[in-house]
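K.L.:
Sequence:
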Amino acid sequence: MARYLPHFPYPPAKDGYWEPVTSTLNWCEEDYYATEYSAEIVNTLTNLMFMWLGFKGIRSYPMQLVDELSMIYTTCLMVYASFSYSRSVILRVWLALSLTGLAIFITLYYHYLQDPVFHQNAYALLTIVVVFRSMHTMEVTLRPKWRHSTEEDRLERQMKGLPVPTKERQHYENVRDQKTLNTMWFMVCYGLVMFLGGFAIWNLDNLFCSQVRRLRHQVGLPWGLILEGHGWWHVMTGLGAYLYIIWGIWLRHCLNGRQDEYQLRWARFWHIPEVVRTADTITQDKKSI
Numbered sequence: 040m041a042r043y044l045p046h047f048p049y050p051p052a053k054d055g056y057w058e059p060v061t062s063t064l065n066w067c068e069e070d071y072y073a074t075e076y077s078a079e080i081v082n083t084l085t086n087l088m089f090m091w092l093g094f095k096g097i098r099s100y101p102m103q104l105v106d107e108l109s110m111i112y113t114t115c116l117m118v119y120a121s122f123s124y125s126r127s128v129i130l131r132v133w134l135a136l137s138l139t140g141l142a143i144f145i146t147l148y149y150h151y152l153q154d155p156v157f158h159q160n161a162y163a164l165l166t167i168v169v170v171f172r173s174m175h176t177m178e179v180t181l182r183p184k185w186r187h188s189t190e191e192d193r194l195e196r197q198m199k200g201l202p203v204p205t206k207e208r209q210h211y212e213n214v215r216d217q218k219t220l221n222t223m224w225f226m227v228c229y230g231l232v233m234f235l236g237g238f239a240i241w242n243l244d245n246l247f248c249s250q251v252r253r254l255r256h257q258v259g260l261p262w263g264l265i266l267e268g269h270g271w272w273h274v275m276t277g278l279g280a281y282l283y284i285i286w287g288i289w290l291r292h293c294l295n296g297r298q299d300e301y302q303l304r305w306a307r308f309w310h311i312p313e314v315v316r317t318a319d320t321i322t323q324d325k326k327s328i
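Just remember that this note's numbering sits 39 ahead of the position in the sequence shown, which is counted from 1.
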């Protein structure tokens, strides 16, 4: 079927302008087939935001590690945000110092080993920790039976003479938070599918590189660009990371008891979600001015 589509053949690979080669990894995309100034054109185009930093940085092997280590530093910040909420100042300071020490250790040890597998394992472990921590926080914050906000809990507190919300208010909060919880779980699963799907495509691209290259040459350009697994890795993991950030923002508003002030705007799953203030909150702010 591909031969009936308009296309032109892949040009042969050529020597590149940026020599010598000092990259830590060489992906499945062929080098310098589009232009001698870009080793991997799809990799470059899907990383436009980082090009400025790349040109400003020092083109030496140790400095190239910073590009990969930024993933570790960002995830350490997420770990701090997940574990420091509502903790004492002493514990927050201890956590910040511990994570800073961990980031320094990973940086130095990675520079010593110069093994990408170590970096990938460290990043995966930190990501698993922060995701599962956020899942636990989400459940205990929003699910009625875990936060003791069922009707039985309300009656028990009432019998003890403790302050309780009205039955109607508690029902409203439970329905609201259960709906929020269901949407959050969908967002989490969707984000994981995007992230793990991009990771799987990237690994298949590496494992079957020779076969993928032959297939790209068979279909020709521009259709072969669709088969660049490393580009899909950037797009899908970027979307997965964005979903996690939006999830974290929304969860933080729920932790602060501001569910009625903010809402998730996400009409369809293929749309880009965002957390926005509710219309009632905006109206109240305008009236108070």
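Any given hint might turn out to be false.
Listed next, the in silico SDA-like pairs over lysine to any residue satisfying Cα-Cα at most 20 Å (straight line) [stated by the list, open to error]:
| # | residue 1 | residue 2 |
| --- | --- | --- |
| 1 | K218 | S173 |
| 2 | K218 | F308 |
| 3 | K218 | E195 |
| 4 | K218 | C293 |
| 5 | K218 | P312 |
| 6 | K184 | L194 |
| 7 | K184 | W224 |
| 8 | K184 | M174 |
| 9 | K218 | L194 |
| 10 | K184 | V168 |
| 11 | K184 | T222 |
| 12 | K206 | W224 |
| 13 | K218 | I111 |
| 14 | K206 | D299 |
| 15 | K184 | E195 |
| 16 | K218 | P261 |
| 17 | K53 | G259 |
| 18 | K206 | W185 |
| 19 | K53 | W66 |
| 20 | K184 | M198 |
| 21 | K218 | L130 |
| 22 | K184 | K206 |
| 23 | K184 | Q217 |
| 24 | K184 | F308 |
| 25 | K184 | I143 |
| 26 | K53 | Y43 |
| 27 | K218 | R304 |
| 28 | K53 | L64 |
| 29 | K206 | P183 |
| 30 | K184 | R215 |
| 31 | K218 | H269 |
| 32 | K53 | C248 |
| 33 | K206 | T222 |
To be clear, the hints were calculated from the coordinates, so they are not data collected in a lab.
Model, not experiment: these values are computed from the prediction.
K.L.:
Hint by hint, where does the structure go against what was stated? Just the numbers, ascending.
P.N.:
Of the numbered hints given earlier, those the structure breaks are 3, 9, 10, 12, 13, 16, 21, 24, 25, 26, 31, 33, listed in rising order.
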